[in-house]
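Number of protein chains: 2
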Amino acid sequence: MSPKELYNVLNAVVPLYFSMLLAYSSIKHFKLFTADQCSGINRFVAIFAIPLLSFNFISRINPFHMHFLFLAADSLSKLFVLLLLLFWSHLFKNGSLDWSITLFSIATLPNTLVMGIPLLKSMYGDEQEDLMIQLVVMQSIIWYTVLLFLFEFRSARNSLMEKRSSNSVKEERGVSEEELVHVVVANYSLAENEIQRSQFVTKVSPELEEEEEDNEEKFPGIEELSKQQGVCESSVQVFSREDEIMREEHEKSQIGRLSVLLILRLVCHKLIRNLNFYASVLGISWALISSRWNVKKPLMMENSITILSNAGLGMAMFSLGLFMAMQPSIIACGKRLAAYGMIIRFIAGPAFMALSSVLLGIRGTTLKVSIVQAALPQGIVPFVFAKEYDLHPEMLSTAVIFGMIVSLPVTILYYMALGS
Amino acid sequence: MSPKELYNVLNAVVPLYFSMLLAYSSIKHFKLFTADQCSGINRFVAIFAIPLLSFNFISRINPFHMHFLFLAADSLSKLFVLLLLLFWSHLFKNGSLDWSITLFSIATLPNTLVMGIPLLKSMYGDEQEDLMIQLVVMQSIIWYTVLLFLFEFRSARNSLMEKRSSNSVKEERGVSEEELVHVVVANYSLAENEIQRSQFVTKVSPELEEEEEDNEEKFPGIEELSKQQGVCESSVQVFSREDEIMREEHEKSQIGRLSVLLILRLVCHKLIRNLNFYASVLGISWALISSRWNVKKPLMMENSITILSNAGLGMAMFSLGLFMAMQPSIIACGKRLAAYGMIIRFIAGPAFMALSSVLLGIRGTTLKVSIVQAALPQGIVPFVFAKEYDLHPEMLSTAVIFGMIVSLPVTILYYMALGS
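Top to bottom, those sequences are chains A and B.
Numbering-wise, this note's numbering comes out as the position in the first sequence, counting from 1, plus 311.
Numbering-wise, this note's numbering comes out as the position in the second sequence, counting from 1, plus 311.
Hints are computed from structural coordinates only; laboratory data are not their basis.
One or more of the hints may lead you astray.
If several chains are the same, the list does not tell them apart, and a pair holds so long as it fits within one copy or across any two.
Unchecked claim - The calculated lysine-lysine pairs, modelled on BS3-like cross-linking and capped at a C-alpha distance of 25 Å, are: (1) Lys315 / Lys432; (2) Lys315 / Lys608; (3) Lys342 / Lys607; (4) Lys432 / Lys607.
Remember, predicted model here, so these are calculated numbers, not experimental data.
Construct all of the structure, not just a fragment, from the sequences and the given hints.
Shown next, in the form of structure tokens:
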């Protein structure tokens, strides 16, 4: 790799970090924004900038010419990690579903949209941008759905455990299918009520909030948390009120077809309130129509999207910097866990990806792209989910924040090691 | 003018309006942001997006190849309007300095940066973009300073009038120079104290604000007002605490050399807290260095600025839409005044500009550019000043908001009438 190539990469990456550090120091050193004002910027990023950015990228690909082998390798590695973790949680005493979900997020879900596209493009040229966009599509349509399913499954199981422990039948092991179905049905109708109340998550009227304050005091949703702490809501706008009902208990259970279907419907209910999911589905739909019948977006529509999605990249990094500055500590989960997290994110993740790519016969630049993209910093969406379901949020926030700092030298080392 | 040309113009303008309407309806119909959250977005626009946008534009021009005749025509028309108004305020009974300042803003200070550059570029081609950027430089370095001077002069005179009326010497007409100097000195030291307290306007620490709350209750600065009302602070970050001390009184006065110097120093104190002024001065300095010695910005620096200034255009319009939605009425100053305002903005302004351009021998495309740019909607900065100095803010807010709506058909009519 020539110094010229390294310089090109830095030209693409340093501005992203500049934007993040500007936000960080505007809070830490200059106190330019209050917590409420930060949440305004974060909301703008989550509701408009990021969904429009991902729509804008995705709608431009040709779904009939995807690199299916590359996507298969990506899916294989994620599936492999997931099965390994579930196997561990089922068969080993120290295994747990909770940690399986967290480790799955950290090992397999990098920040492909905001960091991945500009970085990989600067490293391997414009023609590799398409590969990254294809990964963005897969991640937001398939893998975030899988992650949501895991979280909802855990919620259902925990509700059940709680119910059973309150009925003091703790000694009895194993959960019957009937019981699980019952809990899932209860969760399901809870979610349905919730949706009827607030048709669309992002529609938060201040008056409404006041009205509902009494009911909600016990169950602060992510909306409330983020307001209090100015937390980065980037990328997803979902909140649930069931969070606090569910308490952590480590139990294995059996699950039947009916309850899986019900959990899936719960997941759907989450998805229809997730703007990024909409953006991806709309983007890929437009891409299909446009490639099939060779239709182009009218320039007026294209420009209207671009004018705000242009803000996406810089604002997303800015929002991340605000989030960073609002945290009491950069390494919220402690040094030991942070170190494990970094090893999983930057070594185990890329290793699994490399393995499955080589297994499927991927070579050359595509292999390099597949490895380097797996070594990107942690994606934001898994953090938002972790916060929402209250499952190791401090671990994910560390992976996001500390990971951003670590990733710059790490991805460049990977880039240098793999050669250009 | 062909339909194709009109279509090009609409392709450039509609996205700006789209961004504004998205913000408007996200408040009016969906209540997506609270007032505090809006002020966060507006602050981001005022502190980062707009100054970086104007720096980015200005730093790219060649100050050794400015169109000096075009700039002279612009200055001539502004100067002519100003002298006419001052003449009216001095010699006619119904004339007043207050209305002279407001009418000067409305007649001569359009929105050149956000609306002007994209619109004129789409109408008359890329090579005319430079003319608009040169106007942006002149406006933010010279004409906003003149406007500030007028406001500070009025403040000093009004303080004096108030002091005299409280001493119940109302019957005596005419202000002595000595008295005026005294008041200006008082204002000046007030401003100096203020600067010592809050070294940099944008540095608003929440704790500091709480501490100062008691002192400030009587003098809510623009900062506080905008927080309460979620007001658009776009383009300038200045606030003063003298606002409310000054009461409107219509009087004519004489002024000596010393007090002019002192008022100028007060104006300087305002300017050093105005981020747009910095952006323009830095931009033109860079442009001078870069054109003189043929130096280019390092790509890393260029990209770091672009990543946030890219957000500028869309976010500025978004911020305007939020401001629009927060107002109790689009026509805050009443229909009669609004109609006068529109006539001055869209007919008198362009007429003076056309006159002085023709007088200086400007013809062809440059003449068209000079007329159409004068018919752009009201600039935001004069509104922010009007709000700060509490001088007909509802008139300026109407000119900004209602002007935005009216300007689309009006500028297109001008464009069609002038031919391509």
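Hints versus structure:
1. For the homomeric pair Lys315 and Lys432, the shortest alpha-carbon distance inside one copy (15 Å) is at most 25 Å, but the shortest distance between copies (35 Å) is not.
2. Only between protomers do Lys315 and Lys608 lie at most 25 Å apart by alpha-carbon distance; the minimum there is 17 Å, versus 37 Å within a single protomer.
3. In this assembly of identical chains, Lys342 and Lys607 lie within 25 Å of each other by CA distance neither inside one copy nor across copies; the values are 45 Å within and 33 Å between.
4. For the homomeric pair Lys432 and Lys607, the shortest alpha-carbon distances inside one copy (24 Å) and between copies (24 Å) are both at most 25 Å.
The earlier numbered hint that this structure contradicts is number 3, and it is the only one.
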